[in-house]
Structure formats: structure tokens, C-alpha cells
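**Student:** Here is what each chain is made of, one letter per residue.
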Amino acid sequence: MSGLAVRSLRHRPRAAVATFLAVLLGTLLIGSFATLAESSGGAPAPDDGTLIILGAVVGGWGALIVLFSVASTVAITTTQRATEIGLLRTIGATPRQARRLIARETGAIALTAAVAGALAASVTGRLLFELIRSGGLVSDRTEYDAGPASVAGAAVLVLVVSALAAAVAARKATRGPAGMLVRESAGEHGRMRWWRVAVALLLIGYGLAMAVITVAVTADSDDPYAAMSTSGSSSILVGVGLAVLAPVLLRWAAGPVRLLAGTSATAHLASYNTARRAHLLAGVLAPVVVLTAAAAGTLMLVDIDRRSLPAGTPDSDTITLLNNVVVGMISLFAAIMVVNAFVATVAHRREELHRLRLLGATPRQVRGSVVAEAGLVAVIGVVLGLVAAATTVVPFAVARDEGLVPDGGLWLVPAVAAAVVALTLGAARGAVRSAARVTV
Amino acid sequence: MSEIALEVQDLTRTYGAGDNAVTALAGVDLAFRRGTFTAVMGPSGSGKSTFLSCAAGLDRPTGGRVLVGGTDVTDWDEERRTRLRRERIGFVFQGFHLLPYLSAAQNVALPSRLAGRRVDRERVRYLLERVGLADRAHHLPGSLSGGQQQRVAIARALLTSPDVLLADEPTGALDSTTARQVLGMLRGSVADLGQTVVMVTHDPVAASYAGEVVFLVDGRVAGRMAHPTAGAVAGQLAHLDELVSA
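If you read the sequences in order, they're chains A and B.
When we follow our numbering, the leftmost residue of the first sequence carries the number 39, and every step to the right adds one.
When we follow our numbering, the leftmost residue of the second sequence carries the number 4, and every step to the right adds one.
Isolated chain A (complex conformation):
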């Protein structure tokens, strides 16, 4: 089985790279913040509290997004192999063997990536600490003091999540009789499991609850940052919740778009592929939603804060800096996930795109249909992401007495939307071009 796993990996470098990148960056991000939490141990007050908040709270939000992305990447690459797994089973592999193959493959990639990520995190953690100290968030007396424990912990956490995600996906791929699976893995892949819906509702509910608390309770607090601490995470929580529901939302949203397709072959193909293979494209929609929610939500939060607080508050500069670091890191991560997910999805469809060429589609039509899908995903993702962002922006604007709509910074909405759409279309274009080099 191990030999087979290695050979199978060599045959599938793109999917392996997707998983590798997700785990590597995930470990890097969580690990860097974990070193801050660990450094807090020997730090004098109040620096210890600051470091804990940075490491645990900021790292915590980040961890949520990272773990979700790692899980969805592993799920994409495993689901895509249903046909191959069916073939293995027809020639006599037991479901157990097939699952073990997936587990070993994912394990080998994830382990390498996690170790690399942990090593890199011990460097970036130090850089992050330097940034925070030079920004004046902690005093010069406080030293970076993190051993291998925090980065190793982050690596183990990411590894456990990858293993769980692979196990869930593998179980899904090996359910049912073997013969059924040799057929093209197509059509609507079942419904969503109840626990997935439950997790999504929990996240969305928690995010909305924080929004309500912001308006009802913390808005009246004497500490100007109380409202920020309750509303700040809402956009990310709701965004991740919506991302978990991505397959269903995509299916619903693709329907109305079909009416606009007209006689265009590319729009026709794109709308049906989006609706009927929502489970595949959901892997792309999810990071788009999270990216939009985190970027729009946090940037506008910072903007409202800058406007409504009297200048010169000692904390304001550092908190703005911190928020921007968070937005930057999460955006970078989500952006890489969007590209990653597209490459993984399109690489899998190479044969199908070639089929379209054989039937007389021009290379332009083939590329066009993939880019149109990306456009659809981008628009749906941006709309959902902005809804999620509103759960942070609206309560915080109310708390800072700006009313339901913030007094300024509204240009951030189209700016974030345009950036996300451009990124998504660019990712699709790049992915289909590299797939096209072989077939189209």
C-alpha cells in the first residue's frame, strides 16, 4: 500500500501541491501566532496579556480559517478520485485498503508540509514578535521566548485536521458497492450531512449573537474597544459558516443565473456545471466567501474606528496595525486558497475539457466556460461575503454612533469586491491555461 501511495502521488503532482501548500501555509500562520502565546509566559504585565490576546484571539480566528481551508482542500483532492478508487476496488482492494491508501498519501504530504511549516513558523514568529515590539505593542523588556512547543503544537493541530478531513472524504468515497463507483463521478453528490449543517448554523448563530451583543451591550461600554472585541469576529464566523454551506448555496444561486444565459454556449455550460457539480466548485466558493468577509469586515471596522475615536489614543495605532496584519495574513492565505482550489478543480477536469474540444468547441469556448464559472462563483462569493461582513460592520457602526450605514469608507466595498472578482477570474484563467497546454 505504501509503495502504491508513493507512485500514486507522483502521478498526481498538482493535487499533492495543493494539499502541501494548504498545510504548509496553515501551519505557518497558526504557528507564528502560537509563538506569541508561548512568549507571554515570561513576559511582565501587561505585555503578557497583550501577547496572549494576540496569539490566542487573533491566532484563533486565523486557525478557524486555516483549518477549514486545509479540510476543504483535502476533501477536494480526495473526492476527485472517486473513479480511481472505484477502479482499485473493482480489482480487489477492500474499502479499508482504499481508505488506507488515501490516509497514507495525505499523511505523507501533510507531514512533510507541516514540518516545513513549523520550521518556517519559528522564523516568522520571531519576525512577527519584532514587528509587534517595534510597533510599541509590548515593551522592550519583553523578549521572544518560544521553544519548539508552540510551532509543534500548531503542526500537530493541522495534521490532525488533515487526517480527519481525509478520513471523512475517504469514507465518502468508499461507501457503497465498488461497481457503482467506476462510473464517472458526476451528478449531484448526495446531500449535506447533518453535522455539517449543524457546524455551519452554530458558526453563523454565534456570529449573529456577537453582533446582537455589540448593539445591545458593549456599545454602551466605557471601553471604546469593547464593541470591537465583540463585533470584530462576527464577519469571519458568519463567513466561515456560509462557506461550510457552500455546495447548497451555490446550487441555489446558480439557478437564477441560468435564466440570463441566453444562447451563449459558455454561459450554458458554466451554469449547469456550477449547479450540478456544486460539490466540486464549492471548494472554490468557500475561500472566496471567507476572503471577502474577512477583508471587507475588518477593513471597514478599522476605518470606522479611525474615524470615530479621537486621535492620539495610545492604543489606536497599534490596534489598527494589528487589524491590518490580520487582514493581510488572512487575505493572503485565502487568496492562495482560491488559486489552489481552482488549480485542483480544473486539473481534474482536463479530460472533460478535451471532450468538449472533440465535440467541436473552440479553445475559446472551453476557456470561456471555465472563466464564466469562475465569474459566477466570484459574484456569489462576494455577495455572501459582504453579507457576512455586514454582521461586523453594521453593529460596530451602530456602537460608534454612525448608524446602520458607516459615515465613510464605503468605497472599501466595491474595492474589495473588485479585487476578489479579479483574483478569482485570474486564478481560473491561469488554471485553465495550464490545463489547456496539454489538451486544448
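Among the hints, erroneous ones may be present.
Stated by the list, open to error - Some chain A residues near chain B, calculated using beta-carbon distances under 10 Å:
1) Ser302
2) Ala303
3) Asn311
4) Glu390
5) Thr400
6) Pro401
7) Gln403
Stated by the list, open to error - Simulated restraints, written as ranges between beta carbons of each label pair:
8) A:Leu297 to B:Gly175: 39 to 45 Å
9) A:Gly468 to B:Gly238: 54 to 60 Å
10) A:Ala154 to B:Asp244: 58 to 64 Å
11) A:Trp232 to B:Arg128: 36 to 42 Å
12) B:Glu132 to A:Ala201: 48 to 54 Å
13) A:Ala201 to B:Gly19: 42 to 48 Å
14) A:Ala201 to B:Glu81: 42 to 48 Å
15) B:Arg128 to A:Ala201: 46 to 52 Å
16) B:Val25 to A:Ala456: 51 to 57 Å
What the hints assert, rightly or not - Pulled a few chain A residues facing chain B out of the computed Cβ check, cut under 10 Å:
17) Leu307
18) Tyr310
19) Arg314
20) Arg315
No lab work stands behind these hints: they were computed from the structure.
Here a beta-carbon is modelled for each residue, glycine too, at the ideal position from N, C-alpha and C.
The hints should help you fit chain B onto chain A, whose structure is shown.
**Tutor:** Positioned in the frame of chain A, the structure of chain B alone reads:
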């Protein structure tokens, strides 16, 4: 309109260069009249698939000409050859090649869509009815059997009433009962609709459905047989080397 649906003249195709050069086709002359059903047979490596690829404009021949419906298409660029495939050639593949996310009816209508024309729903319904799948029009390929998928593919290939329908081992992935149905449908399209069908196969039973069999050996036409029976074709295949030396 030309009497000849598809014609190749002195068709050659060589892969690689120098000492490693492999000749897949070494001067093939064939003409297929309208409304005929021809099987192209030969052992592996005889050039069957290369012949089909060149005829369909998927591959560029090294030498010789390809004429579809009397038009020389040999030197057409990729864009024109794509349009040629879409409008004047129908394809049926061993692996069905349906798009998994389109229903049976949508798959049949796809060539029209790609050409940017309005879909003739009446014709789509008629073709699905012809292949006995009127009640499956809205099913996705994943919920159809192999034979049903291939019948959808035949309906799709007939949509544009192409000059020639090219079939590449259309029954290779089917059991003998469904294979007979599919072959019957190909023959029916010739008899009822006047369609021209060229089918590459290595199955003597499949070949026996054709009006004529052409044998290819080592990239050359090695013989022909009119009104083939499965037994006669099998016998001929067993003695192909004699055809070559003759």
C-alpha cells in the same frame, strides 16, 4: 452536393523523426459514398485510429488530402477544423464522452449550443425517441447505463445531420446485447436517414453490421469485403498476412 461524403487521398502520417520515425499511415486511398456504412478493421497498430483522427481533423496528416463532402479540408487552420467537426462530422466514441453535468437532452443539443445556434427542441426530442430514450431526456449520464449513454451519444452525433458520422469502437465498452442495439441504431441511421457512417472496430460481429469492410494492415489498405458476415470477417482477419503478401 458531392456523392462522396468523405475521401482521403494518399493519406500518410508519420510520428517522430529520423531513426525513431513510426509510420502510422503509409498512403491510404479511401472514398465513402453517401448513405453507406463502412467498417474499418485491422489489428492494433494498423493505423485505424490515426485514420479516424486525420479524417476528423483532430490530427494533421504528414501527406495526402482529406475531403469532407467534396471540400478539401487538409490545410484548414485549427479554428476552421473545429467548426468542421462541430457542423459536418458526428462523433461516437468508445468512452461515450457525454458531459456529466448535462442531461441527456442537453448533451444531444450541445453541438448546436457550441455553434451558437438556437436549439431545435423538436429535433432533439425526435432523435432521443429514435434511440429509444424519450423518457430519459432529463436524466444525467451518471444515472444511465452504458448502452443508454452510447445511444445518447449517437443521437448527439446525428443532431447536425453531418456529412459523415465517425464511430471509434462504439461497442468496445458494451456487453453483446446492448452492443447489438447500438449497432442496429447506427445501421438504422444509414437506412432511414441516409446518414454516412464510418466505424473503426476490431470486432467481427460489429463489422458484420456494415455494408462493407475495409482492412488496414501496417498503415495500408490490405483488402475489402462487401456484405460481410461475422464468420467471413473473422476468417479474413486470421489471414491478413496473406492479404498483405498478395
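**Student:** Against this structure, judge whether each hint is valid.
**Tutor:** Going down the list of hints, with the structure as the test:
| no. | hint | verdict |
| --- | --- | --- |
| 1 | Ser302 | holds, 8 Å |
| 2 | Ala303 | holds, 4 Å |
| 3 | Asn311 | holds, 5 Å |
| 4 | Glu390 | holds, 7 Å |
| 5 | Thr400 | holds, 5 Å |
| 6 | Pro401 | holds, 8 Å |
| 7 | Gln403 | holds, 6 Å |
| 8 | A:Leu297 to B:Gly175: 39 to 45 Å | holds, 40 Å |
| 9 | A:Gly468 to B:Gly238: 54 to 60 Å | holds, 56 Å |
| 10 | A:Ala154 to B:Asp244: 58 to 64 Å | holds, 60 Å |
| 11 | A:Trp232 to B:Arg128: 36 to 42 Å | holds, 40 Å |
| 12 | B:Glu132 to A:Ala201: 48 to 54 Å | holds, 52 Å |
| 13 | A:Ala201 to B:Gly19: 42 to 48 Å | holds, 47 Å |
| 14 | A:Ala201 to B:Glu81: 42 to 48 Å | holds, 47 Å |
| 15 | B:Arg128 to A:Ala201: 46 to 52 Å | holds, 51 Å |
| 16 | B:Val25 to A:Ala456: 51 to 57 Å | holds, 53 Å |
| 17 | Leu307 | holds, 8 Å |
| 18 | Tyr310 | holds, 5 Å |
| 19 | Arg314 | holds, 4 Å |
| 20 | Arg315 | holds, 5 Å |
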